[in-house]
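Using the sequences and the hints, build the whole thing.
Protein chains: 6
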Amino acid sequence: MSKTALLIGRFQPFHNGHMEMIRKVMAECDHIVIGIGSAQYSHIEKDPFTAGERYFMIAEALRSEGYTGFYIVPIEDLNRYSVWVSQVESMCPPFQVVYSNNPYTRRLFLEAGYEVRNSPLYNRAEYSGTEVRNRIREGKEWEHLVPDAVAKVIREVDGVNRITEIGESDEYRW
Amino acid sequence: MSKTALLIGRFQPFHNGHMEMIRKVMAECDHIVIGIGSAQYSHIEKDPFTAGERYFMIAEALRSEGYTGFYIVPIEDLNRYSVWVSQVESMCPPFQVVYSNNPYTRRLFLEAGYEVRNSPLYNRAEYSGTEVRNRIREGKEWEHLVPDAVAKVIREVDGVNRITEIGESDEYRW
Amino acid sequence: MSKTALLIGRFQPFHNGHMEMIRKVMAECDHIVIGIGSAQYSHIEKDPFTAGERYFMIAEALRSEGYTGFYIVPIEDLNRYSVWVSQVESMCPPFQVVYSNNPYTRRLFLEAGYEVRNSPLYNRAEYSGTEVRNRIREGKEWEHLVPDAVAKVIREVDGVNRITEIGESDEYRW
Amino acid sequence: MSKTALLIGRFQPFHNGHMEMIRKVMAECDHIVIGIGSAQYSHIEKDPFTAGERYFMIAEALRSEGYTGFYIVPIEDLNRYSVWVSQVESMCPPFQVVYSNNPYTRRLFLEAGYEVRNSPLYNRAEYSGTEVRNRIREGKEWEHLVPDAVAKVIREVDGVNRITEIGESDEYRW
Amino acid sequence: MSKTALLIGRFQPFHNGHMEMIRKVMAECDHIVIGIGSAQYSHIEKDPFTAGERYFMIAEALRSEGYTGFYIVPIEDLNRYSVWVSQVESMCPPFQVVYSNNPYTRRLFLEAGYEVRNSPLYNRAEYSGTEVRNRIREGKEWEHLVPDAVAKVIREVDGVNRITEIGESDEYRW
Amino acid sequence: MSKTALLIGRFQPFHNGHMEMIRKVMAECDHIVIGIGSAQYSHIEKDPFTAGERYFMIAEALRSEGYTGFYIVPIEDLNRYSVWVSQVESMCPPFQVVYSNNPYTRRLFLEAGYEVRNSPLYNRAEYSGTEVRNRIREGKEWEHLVPDAVAKVIREVDGVNRITEIGESDEYRW
Chain A
0 MSKTALLIGR FQPFHNGHME MIRKVMAECD HIVIGIGSAQ YSHIEKDPFT AGERYFMIAE
60 ALRSEGYTGF YIVPIEDLNR YSVWVSQVES MCPPFQVVYS NNPYTRRLFL EAGYEVRNSP
120 LYNRAEYSGT EVRNRIREGK EWEHLVPDAV AKVIREVDGV NRITEIGESD EYRW
Chain B
0 MSKTALLIGR FQPFHNGHME MIRKVMAECD HIVIGIGSAQ YSHIEKDPFT AGERYFMIAE
60 ALRSEGYTGF YIVPIEDLNR YSVWVSQVES MCPPFQVVYS NNPYTRRLFL EAGYEVRNSP
120 LYNRAEYSGT EVRNRIREGK EWEHLVPDAV AKVIREVDGV NRITEIGESD EYRW
Chain C
0 MSKTALLIGR FQPFHNGHME MIRKVMAECD HIVIGIGSAQ YSHIEKDPFT AGERYFMIAE
60 ALRSEGYTGF YIVPIEDLNR YSVWVSQVES MCPPFQVVYS NNPYTRRLFL EAGYEVRNSP
120 LYNRAEYSGT EVRNRIREGK EWEHLVPDAV AKVIREVDGV NRITEIGESD EYRW
Chain D
0 MSKTALLIGR FQPFHNGHME MIRKVMAECD HIVIGIGSAQ YSHIEKDPFT AGERYFMIAE
60 ALRSEGYTGF YIVPIEDLNR YSVWVSQVES MCPPFQVVYS NNPYTRRLFL EAGYEVRNSP
120 LYNRAEYSGT EVRNRIREGK EWEHLVPDAV AKVIREVDGV NRITEIGESD EYRW
Chain E
0 MSKTALLIGR FQPFHNGHME MIRKVMAECD HIVIGIGSAQ YSHIEKDPFT AGERYFMIAE
60 ALRSEGYTGF YIVPIEDLNR YSVWVSQVES MCPPFQVVYS NNPYTRRLFL EAGYEVRNSP
120 LYNRAEYSGT EVRNRIREGK EWEHLVPDAV AKVIREVDGV NRITEIGESD EYRW
Chain F
0 MSKTALLIGR FQPFHNGHME MIRKVMAECD HIVIGIGSAQ YSHIEKDPFT AGERYFMIAE
60 ALRSEGYTGF YIVPIEDLNR YSVWVSQVES MCPPFQVVYS NNPYTRRLFL EAGYEVRNSP
120 LYNRAEYSGT EVRNRIREGK EWEHLVPDAV AKVIREVDGV NRITEIGESD EYRW
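Just so you know, the protein sequences line up as chains A, B, C, D, E and F, in that order.
For what it's worth, numbering that gives the first Met the number 0 labels the leading residue of the first sequence as 0, then goes sequentially.
For what it's worth, numbering that gives the first Met the number 0 labels the leading residue of the second sequence as 0, then goes sequentially.
For what it's worth, numbering that gives the first Met the number 0 labels the leading residue of the third sequence as 0, then goes sequentially.
For what it's worth, numbering that gives the first Met the number 0 labels the leading residue of the fourth sequence as 0, then goes sequentially.
For what it's worth, numbering that gives the first Met the number 0 labels the leading residue of the fifth sequence as 0, then goes sequentially.
For what it's worth, numbering that gives the first Met the number 0 labels the leading residue of the sixth sequence as 0, then goes sequentially.
Think of the hints as simulated: they come from the structure by calculation, not from any bench.
Predicted model only: the values in this text are computed from it and were never measured.
Think of the CB as a built atom: it goes at the ideal place given N, C-alpha and C, for glycine as much as any other residue.
It is possible that part of the hints are untrue.
Residues from chain B that keep clear of chain F, each with C-beta distances beyond 12 angstroms, as calculated [stated by the list, open to error]:
no., residue
1, Glu19
2, Leu77
3, Glu88
4, Met90
5, Asn100
6, Ala111
7, Glu130
8, Thr163
Partial selection, computed: residues in chain F whose CB lies under 7 angstroms from chain E [said to hold, decoys possible]:
no., residue
9, Ser41
10, Glu164
11, Ile165
Subject to a maximum C-alpha distance of 25 angstroms in a straight line, what follows is the list of computed DSS-like cross-link-like pairs (lysine-lysine) [unchecked claim]:
no., chain 1, residue 1, chain 2, residue 2
12, C, Lys2, B, Lys45
13, A, Lys2, B, Lys45
14, B, Lys23, B, Lys2
15, D, Lys139, B, Lys45
16, F, Lys45, E, Lys45
17, C, Lys151, C, Lys45
18, C, Lys2, E, Lys151
19, D, Lys151, C, Lys45
20, A, Lys151, B, Lys2
21, D, Lys2, F, Lys151
22, A, Lys45, E, Lys2
23, E, Lys23, E, Lys2
24, C, Lys139, C, Lys23
25, F, Lys2, D, Lys151
26, F, Lys151, A, Lys45
27, E, Lys151, C, Lys151
Structure (structure tokens):
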């Protein structure tokens, strides 16, 4: 019987480490549901891109590698963690295995009876969303850290200017 | 330059009329964003299926016909219509054309400056979500009205029993 | 091992039929969680009393009959039915059996794996919240339909005037 | 000591009857807080205009008559009526008297200890928001029913087309 | 005339200090409403237990001491503090006195006209929710700090493992 | 053609620096929409005053200087920044220019196609909401930092006591 994995991330932005992780999950499972977490956030330092922009990045990157057996689903954060697993289940195609290294996610899906596996490893020193955003803000090289399709989307949505401008401040919106 | 269409529906369930409409849109545009409207509703007579179940139906049906250039996005209803276009934009990959025959959707996207086209026609007498749900509830033939992949999903999620049971009542939940 | 039942109602107001139903459940189970549904509503024709007023009615009525093994929990309606069982579970002490005659409640708790039983019967022709509210509005006898403790609470919160006044209109709040 | 009145309406749109009512309240009180109710709604048949458009209509109409002692405040509907008075109090400058003929509003403010007066009368057969919207939709004369300043705002926001288009349908947004 | 006190806490978990405080309040008042604050939170380091689990702990602890004149009410945090007193009033049986040492709670209930008293003292060095959670996480003795009934509930809901696992991380949920 | 400016602030409280800024904007534009940001917050150290109290302060201060061409609009914070410009547009009379020095506000209105100008300068060392709140809390002189009309409102709503009491704690509400 075919097996579908769930993998949730913020993907701010989607980078080569994520790509590597998905490749490994796809080697273990038949299909993958990629949940875009914190879907409601955008235009802030830690979360510059909208859910739609992140959806576009991931879809383009996966298709450019020839993948088709994936489902991308934006998932909003709830502060009510006790119903979060139900919320995820109701928004996603059916899945059987959850990949996560995060204690909260692991605990919540374990209590709900799911099989929870450790996320496949990748080089976290080199690949991280924080690193990509910092490099963009500081005007350094960043495009080699993300799939070509992602770099293209970031440029199309004027992402470099967005990150640079909102990164100048950690104050209130007014 | 490539063109992406937006098409929003409730898809309760996805049926042959929807499939026909998507075929026609795909003939006019390069890509299509399929918004699953009223994403938060399920388990009620008019909206029996969760967003995740509808996502699964649509993806399976489109893939079984060989389509790949589509993006499926669950979109929750907001009562604050004035921000609804912004909400849709933030959850979806970029789109340029909106297909709709509904006056509200048309007006809101027109005021926001979008090109709005009439949805391609299909045989609405034969194909409608209401008709499919009624037939399931009454124990009549219904599988010929939906793609094979959809019928399979409905059976897998025990959809026939769900529709039959919740259809027996239009009262409060208690 | 002891068994705890869940019973959800709107209790607008709590009446002798509810009391009878609880007596029967308490004969079958060790403890009962009484969920006050639609907890956020009040001051409207169908839902005149606040959750706190309903809590007070039920607690006083049960205590005046000598019951102690009960837990009263206000539960707000969610429009997102797919997470409603999780929401109820997170707000209530643990329960194992759900009593309900309502198709929606039955279906949702069945899909979540609970044992669901039919609510014990009582004389619904005589006892109903609608009937009590109508009688209050029309100035007829109503106190014999509710436990004494409930009649006392309704008088204390000026419930007769509230029901009479808001019942004169079914228009908007302005 | 000066007295401030609260008057809440939907003002879809603001018409001559509202203007007359405000003139009478201003003769009895020193200042008036005009609450724009159902502030979150717009672009639907019963509520075509946004809170901002309604704010603009009222401010222009009152200023064109030379009034200055008024405060206009958009107020969103809450389904939780028990906290609605607190919500209104927190959004408005201090007021002492509430004008309303609506049973719900009257009851809620009375329970909170306010002096509640009947709204001053005006010719409701001639002046009503429903009548203005119907006339616009049917292409009849409507401008004589509203202050000149309001007619100007409705034309500026393309209100005639908005009402006409969304009025063609009472179906779902899709 | 009988007097009912309101006492609000997070009770993460309910411990001997809370028990002592309630004993003192019960000596001064006839009844007590125990509000479970931050009711929507659970499964995070500072708030590991659901409202339902906390309800169960408190009810079991009070009953094991023979108390009956209490009402336990889960109360969700609102960010809109100006309506919070109204929210609490609408969810709870009527109360006349508020016990609190917290400046915010004191101020809000004072502005609403309530009698506000200082919470009875207990040994805060020894008894605190933070201390209990830390000891559980570190594998130290903790059961002597809580009523027996509470220790039993924590073990039943697998609370030790939950606190230990989610305590290992202060990062995002993914 | 006349020009309307939008200026958003928290105004906790409205002080002489804000007044000076508004004078400069009014010299450049015909009308001004003053958005009261974070409208839902009050009774906390950083945001002691309700939206209604802030509305009253601003209106009284502007009127005492003879201004009339202004519109004051409470605007609630949304965590969903991608729809925030739409939200502001729907709550305010039409505006064409946005004054802001804040990177987030600037970026969001720029992406939406607005003309965004730097806020006029004023002496920020002397005039700031934080400074006024600190002085009130510490019992120092503060009335010279705000318009007379504002000082009067703060005294009327017992603002000095409110700020002093809630300022004693930065803990949870319980």
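Hint check:
no.: 1; hint: Glu19; verdict: holds (33 angstroms)
no.: 2; hint: Leu77; verdict: violated (9 angstroms)
no.: 3; hint: Glu88; verdict: violated (7 angstroms)
no.: 4; hint: Met90; verdict: violated (9 angstroms)
no.: 5; hint: Asn100; verdict: holds (24 angstroms)
no.: 6; hint: Ala111; verdict: violated (9 angstroms)
no.: 7; hint: Glu130; verdict: holds (35 angstroms)
no.: 8; hint: Thr163; verdict: holds (38 angstroms)
no.: 9; hint: Ser41; verdict: holds (5 angstroms)
no.: 10; hint: Glu164; verdict: holds (5 angstroms)
no.: 11; hint: Ile165; verdict: holds (5 angstroms)
no.: 12; hint: C:Lys2 with B:Lys45; verdict: violated (36 angstroms)
no.: 13; hint: A:Lys2 with B:Lys45; verdict: violated (31 angstroms)
no.: 14; hint: B:Lys23 with B:Lys2; verdict: holds (14 angstroms)
no.: 15; hint: D:Lys139 with B:Lys45; verdict: violated (37 angstroms)
no.: 16; hint: F:Lys45 with E:Lys45; verdict: holds (23 angstroms)
no.: 17; hint: C:Lys151 with C:Lys45; verdict: holds (20 angstroms)
no.: 18; hint: C:Lys2 with E:Lys151; verdict: holds (17 angstroms)
no.: 19; hint: D:Lys151 with C:Lys45; verdict: violated (42 angstroms)
no.: 20; hint: A:Lys151 with B:Lys2; verdict: holds (17 angstroms)
no.: 21; hint: D:Lys2 with F:Lys151; verdict: holds (17 angstroms)
no.: 22; hint: A:Lys45 with E:Lys2; verdict: violated (51 angstroms)
no.: 23; hint: E:Lys23 with E:Lys2; verdict: holds (14 angstroms)
no.: 24; hint: C:Lys139 with C:Lys23; verdict: violated (29 angstroms)
no.: 25; hint: F:Lys2 with D:Lys151; verdict: holds (17 angstroms)
no.: 26; hint: F:Lys151 with A:Lys45; verdict: violated (42 angstroms)
no.: 27; hint: E:Lys151 with C:Lys151; verdict: violated (38 angstroms)
Violated hints, listed in ascending order, are 2, 3, 4, 6, 12, 13, 15, 19, 22, 24, 26, 27; each of the other numbered hints is respected by the structure.
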